[in-house]
Amino acid sequence: MFDILLAGLDSFQSWQVIGGVILGTVIGMVVGVLPGLGPLIGIILMLPVTFHMQPVAGMGMLMSIFVAGSCGGAISAIVLRIPGTPLAAATLLDGYPMARNGRAADAIGLAIASSALAGVLGGVVMILGAPALASVATNFGPPEYFALAITGLLSISVVSNESTIKGLMTGALGVLIAMVGSDPLSNAARFTFGTNALSGGINIVAIIVGLFALSEAAVQILEGGLRKKPEVQSVRVSLGSLWMALRHWKNLLRSSAIGVFFGALPGASGIIASFTAYAIARSRPLKGDAPYGEGAEGGVVATESANNAACGGAMIPTLALAIPGDAATAVLLGALLLLGLVPGPQMFALSGDAVGGIFLAFLVSNIVLFFVGMLMTPLFVRVLRVRKQYLVPVVLLLSIVGVYSVQSRVDDLWVMLVFGMLGFGLRRYGYPLAPIVIGLILGPIAEGSYRRTLLFSDNGPWFILERPIASTILAIDIIVLILTLTPSSLRQRAFTLFRKWRA
Amino acid sequence: MLKTLIKTAAVAALIGPVAGAAFAADDYPSRNIEMMFPWGPGSAFAMAQIITNAMGDELGTNISVVSTPGAAGVKSFNTALEKPADGYTLIDGWVAPLVLQPLAGNTEFTHTDFTPLWSATRVPFAVVVRKDDERFPDYDAFIQYLKDNPGKARYSSGSIGNIPHMVLAKMMQTEGVYARNIPYPQDGDAFKDLRGGLLDFSFNDPITFQSNKDAFKTLVAFTNEKDVAAAYDENTPTLDDLGLDIGLTGLAPSGWNWFLVHKDTPEEIVATLNTAMEAALNRPEVQERLKAAGFLPTMYPPERYEEIVGPIGDQIAAAKDAITWEAEQLAK
Numbered sequence: 001m002f003d004i005l006l007a008g009l010d011s012f013q014s015w016q017v018i019g020g021v022i023l024g025t026v027i028g029m030v031v032g033v034l035p036g037l038g039p040l041i042g043i044i045l046m047l048p049v050t051f052h053m054q055p056v057a058g059m060g061m062l063m064s065i066f067v068a069g070s071c072g073g074a075i076s077a078i079v080l081r082i083p084g085t086p087l088a089a090a091t092l093l094d095g096y097p098m099a100r101n102g103r104a105a106d107a108i109g110l111a112i113a114s115s116a117l118a119g120v121l122g123g124v125v126m127i128l129g130a131p132a133l134a135s136v137a138t139n140f141g142p143p144e145y146f147a148l149a150i151t152g153l154l155s156i157s158v159v160s161n162e163s164t165i166k167g168l169m170t171g172a173l174g175v176l177i178a179m180v181g182s183d184p185l186s187n188a189a190r191f192t193f194g195t196n197a198l199s200g201g202i203n204i205v206a207i208i209v210g211l212f213a214l215s216e217a218a219v220q221i222l223e224g225g226l227r228k229k230p231e232v233q234s235v236r237v238s239l240g241s242l243w244m245a246l247r248h249w250k251n252l253l254r255s256s257a258i259g260v261f262f263g264a265l266p267g268a269s270g271i272i273a274s275f276t277a278y279a280i281a282r283s284r285p286l287k288g289d290a291p292y293g294e295g296a297e298g299g300v301v302a303t304e305s306a307n308n309a310a311c312g313g314a315m316i317p318t319l320a321l322a323i324p325g326d327a328a329t330a331v332l333l334g335a336l337l338l339l340g341l342v343p344g345p346q347m348f349a350l351s352g353d354a355v356g357g358i359f360l361a362f363l364v365s366n367i368v369l370f371f372v373g374m375l376m377t378p379l380f381v382r383v384l385r386v387r388k389q390y391l392v393p394v395v396l397l398l399s400i401v402g403v404y405s406v407q408s409r410v411d412d413l414w415v416m417l418v419f420g421m422l423g424f425g426l427r428r429y430g431y432p433l434a435p436i437v438i439g440l441i442l443g444p445i446a447e448g449s450y451r452r453t454l455l456f457s458d459n460g461p462w463f464i465l466e467r468p469i470a471s472t473i474l475a476i477d478i479i480v481l482i483l484t485l486t487p488s489s490l491r492q493r494a495f496t497l498f499r500k501w502r503a
Numbered sequence: 001m002l003k004t005l006i007k008t009a010a011v012a013a014l015i016g017p018v019a020g021a022a023f024a025a026d027d028y029p030s031r032n033i034e035m036m037f038p039w040g041p042g043s044a045f046a047m048a049q050i051i052t053n054a055m056g057d058e059l060g061t062n063i064s065v066v067s068t069p070g071a072a073g074v075k076s077f078n079t080a081l082e083k084p085a086d087g088y089t090l091i092d093g094w095v096a097p098l099v100l101q102p103l104a105g106n107t108e109f110t111h112t113d114f115t116p117l118w119s120a121t122r123v124p125f126a127v128v129v130r131k132d133d134e135r136f137p138d139y140d141a142f143i144q145y146l147k148d149n150p151g152k153a154r155y156s157s158g159s160i161g162n163i164p165h166m167v168l169a170k171m172m173q174t175e176g177v178y179a180r181n182i183p184y185p186q187d188g189d190a191f192k193d194l195r196g197g198l199l200d201f202s203f204n205d206p207i208t209f210q211s212n213k214d215a216f217k218t219l220v221a222f223t224n225e226k227d228v229a230a231a232y233d234e235n236t237p238t239l240d241d242l243g244l245d246i247g248l249t250g251l252a253p254s255g256w257n258w259f260l261v262h263k264d265t266p267e268e269i270v271a272t273l274n275t276a277m278e279a280a281l282n283r284p285e286v287q288e289r290l291k292a293a294g295f296l297p298t299m300y301p302p303e304r305y306e307e308i309v310g311p312i313g314d315q316i317a318a319a320k321d322a323i324t325w326e327a328e329q330l331a332k
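These protein sequences, in sequence, are chains A and B.
So that you can map any letter, position 119 of the first sequence is 119 in UniProt numbering, and since no number is skipped, the others follow by simple counting.
So that you can map any letter, position 220 of the second sequence is 220 in UniProt numbering, and since no number is skipped, the others follow by simple counting.
These aren't lab readings, by the way, just hints derived from the structure by calculation.
Incorrect hints may appear among the rest.
Some, not all, of what chain B presents toward chain A, calculated at C-beta under 7 angstroms [said to hold, decoys possible]:
id : residue
1  : Ala46
2  : Lys75
3  : Pro183
4  : Asn212
5  : Lys291
6  : Leu296
7  : Pro297
Predicted model, so just to flag it, every value in this text is computed and none were measured.
Here a beta-carbon is modelled for each residue, glycine too, at the ideal position from N, C-alpha and C.
All chains, please: the whole structure from these sequences, using the hints.
Structure follows, in C-alpha cells:
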C-alpha cells in the first residue's frame with residue numbers, strides 16, 4: 001500500500017491537485033446540503049471542468065465531490081429534518097432529535113467526524129484489498145442479492161420505532177411506487193398509464209424531497225411562531241467531535257465494515273448500508289447515550305460512517321473490474337477512462353504514479369472533509385437562528401430548484417408536490433417515512449434478483465438452496481422473523497426451556 | 001399604473017415566444033443548449049460530455065447533457081421532441097431508441113423524423129467467456145456445446161431486446177443453437193455474474209474486456225474489420241476470420257450514436273451546429289479521449305445519414321426476428 005502511495009506522492013504534490021480536492025470538498029458539501037442535489041449532480045456538473053485539468057487533479061476533485069456529497073446530506077437532515085440526499089434518510093432518525101435537544105452542533109460534528117474517519121477506513125480497504133474484495137463481490141449473484149434485500153426490508157421493523165405495522169405499510173408503499181416505470185426484465189411499461197412522463201419510473205429524488213422537505217415545511221408553518229427568532233446558542237469551531245465519534249469506536253468500525261461491504265456490491269449502495277448499520281447499532285446501544293429515535297449519538301455515527309465507508313467500497317468494483325455500483329461511480333469510471341486510465345487488477349499492480357496520486361487524493365479528501373466541515377459547522381448552525389418566515393420559503397425554493405435540476409423536467413415538480421402532500425398526511429397520522437425510502441431502494445433489487453434467480457433455475461425458487469451464502473442469509477432472516485413475531489412471554493418460556501435443556 | 005403594468009406583461013408574455021422564434025436564428029446560440037441523453041449517467045454519458053463540451057467551445061455557449069433514462073431510451077427522444085425545434089435541444093441518438101425501438105413498434109417516430117448532425121461513436125460488441133472455462137476453448141467448441149445442450153446455457157446481453165441481444169440471438173440462430181438470456185438493469189452486473197460463474201457467456205464491450213482481461217477471453221467480435229476487433233485484443237477473431245455471415249455488416253452489429261435535432265429545426269441553425277460538431281470531432285484531444293475509452297469515433301458527415309442508417313434499419317429488422325425465434329425455441 002505504501003509503495004503505491006509513495007509513487008503517487010509526486011503527482012499528488014501540486015497546487016492544482018490540492019486545490020482540486022479542497023474545491024471538490026466544498027462543492028460536495030454544498031450539493032450534499034441542498035435538498036435534491038447530490039454527489040451525482042456535483043460530479044456531472046464538474047466533469048467538463050476536469051477535461052482541462054491534470055488527470056490526478058481532475059479525478060481528485062471528482063472523488064472529493066463524491067466523498068463530501070455523501071456526507072453533506074446529513075447536515076440538512078440534522079438541521080432541517082430534510083435529508084439533503086437519500087443517503088442521509090437514516091441519519092435523520094437520530095440526528096434531528098439531537099438538534100431538537102439543542103445539540104445541533106454536536107450532531108453535525110459527529111456526522112462529519114464519523115464520515116471522515118469511516119471514509120479513510122474505506123479508502124484504506126480499497127487501496128489494500130480492491131482486487132481481492134472485488135472477487136468476493138463476484139460471488140454475490142441474484143440469489144444473494146435477493147437474500148440481502150429481504151434482510152434490508154426486515155430492518156423496516158427496526159427503523160419504524162414503535163409503529164411496526166405502520167412502518168411495514170409505508171415500506172410496502174415504497175415497494176409499490178418503485179414498480180412504476182419499465183419492467184426491470186422485459187422493459188414493458190408498468191403502471192405508466194401510457195404516459196411518457198412515467199415511462200422511466202418516478203424520480204426518487206423528487207419523491208424524497210417531496211416526502212421530507214415539503215411535509216416538513218407544512219409542519220413548521222402549522223406549528224406557528226413564524227416571526228419568532230429561534231434561540232440557538234452560537235457555536236465555535238471545535239475538534240471535540242472527533243473524540244465524541246471515537247467514543248463510539250466499536251459502532252464506527254462495525255458500521256464502516258457494513259458500509260464497505262454494501263458499497264463493494266454493485267447496485268447495493270450506501271443507503272442500504274446506512275439503514276443496516278443503524279438497525280444493528282440500535283440493538284447494541286452505548287451506555288450513557290440517549291435512547292435511539294430520541295437523539296442517540298450512536299444513530300448518527302452508524303449511518304454516517306456506513307454511507308461514507310461505502311464510498312471507498314463502491315470504488316472497489318469500479319476500479320478493479322470497471323463495474324460501477326451506481327450512477328455516481330459510473331460517471332467517475334467514465335472520467336477515469338477519459339484520463340486514459342484503464343481500470344482492472346493491473347491498475348493496482350502497476351502502481352503507476354497517477355493511480356497512487358488518485359488514491360492519495362481519495363484519502364486526503366476525507367481529511368479535508370473533516371476540516372472544511374468543522375469550519376463550516378458554525379455556519380450551518382446559524383441556519384437554525386433564521387426566523388421561519390424567511391427559512392421556510394428559502395428551503396422550498398431550493399428544493400424546487402434542486403429537484404428540477406436533476407432531469408430538467410417539470411413532471412418531477414408535480415411528483416414532488418404530490419409526495420409532499422402524501423408525506424404530510426402520513427406524518428399527521430403517525431406513519432414513519434423512512435420505510436418508504438427502504439422500500440423504494442430495496443423493492444426493485446428484491447424483485448429483479450428473485451426473477452433473475454428463477455431464470456437461472458431449472459426447479460423454481462429451490463435454486464436458492466444450491467447457493468450456500470444466499471440460503472444462510474435467508475435462514476437467519478427466517479429466525480429473526482420468527483423471534484420478532486413470537487410474543488415475548490412465549491420467547492421467555494422458550495429461552496428458559498432451552499437453558500434448562502442445556503443445564 | 002398597475003393595470004398598465006399587468007397589460008404590458010400580458011402582451012409581452014403573448015408575443016414574447018413568437019418574437020423570440022423569429023429572431024432566434026440570427027443570434028443562435030444566445031443561451032445554453034441541452035443534450036438529451038437516453039441512458040443513466042455512465043461512460044457513454046461522459047463521452048457525450050466530451051463531444052458537447054468541445055462543441056460548446058466552438059459555439060461559445062454551454063451544452064449540458066441531461067440524462068433521461070426510461071422506456072429503453074425512448075423517453076429521452078420523446079422528451080426532446082416535446083421541446084421547440086429551435087436548436088436548443090440536441091439528441092444523443094443511440095441506435096436502440098433511434099432504430100430498434102421504432103422497428104419494435106414502440107415509438108411514434110422513425111429515424112427519418114430527425115435532422116442528423118455528424119455521427120459520433122461506435123462500440124463494437126463481442127462474445128466473451130471465462131478464460132478458465134474448459135468447455136469453451138474456441139468459438140467452434142462453444143457452438144458445439146450449445147448444440148449438445150440446447151437451451152441449457154445462460155447468457156446476458158444486458159437488457160432484453162437491445163442491440164447486443166439481437167446480435168447474439170442472430171448469431172445463434174445462424175448456427176441453429178439457442179440459450180437463455182438473463183436481463184440485468186446494469187450491464188456491469190451481468191459481467192460480474194459471468195466472472196462469478198453464474199452465466200456461461202455474455203456480450204462485452206472493449207473497456208470492460210480490458211478491465212477484466214485476467215478473467216475473460218473473446219470468442220468473436222462482431223465486426224469484419226481487423227482493427228476494430230483489435231479494440232479487444234489482437235487474438236480476437238472477426239466474423240470474417242470465422243467465415244461467419246450473420247446478416248449484419250458495418251455498423252449494424254455494434255452500438256453507435258449519431259447526434260440529432262428535431263426535424264423542424266431551421267437550416268441555418270443546423271448548419272451552425274454541424275460546423276461546430278465537425279470542428280469538435282476533429283480536435284485531436286477529443287479523438288484521443290474517445291478512443292482511450294473504447295468509443296471509436298465514426299466521423300460520418302450528415303449527408304451520409306440516410307445512406308448508412310437506412311440499410312442498418314433493414315438489417316436490424318431482419319435480425320430482430322432472431323429474438324422471437326429464440327423465445328419460441330425456449331418455450332418448446
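For each hint, the structure was consulted:
1. Ala46: This interface hint holds because 3 angstroms falls under the 7 angstroms limit.
2. Lys75: Lys75/B check passes; min Cβ-Cβ to chain A is 5 angstroms, inside 7 angstroms.
3. Pro183: holds (5 angstroms)
4. Asn212: Constraint on Asn212/B satisfied, holds at 6 angstroms.
5. Lys291: Violated: closest Cβ of chain A sits about 10 angstroms from Lys291/B, beyond 7 angstroms.
6. Leu296: This hint is violated: Leu296/B lies away from chain A, its Cβ roughly 13 angstroms from the closest one there, beyond 7 angstroms.
7. Pro297: violated (14 angstroms)
Going down the numbered hints, you'll see the structure goes against 5, 6, 7, while the others check out.
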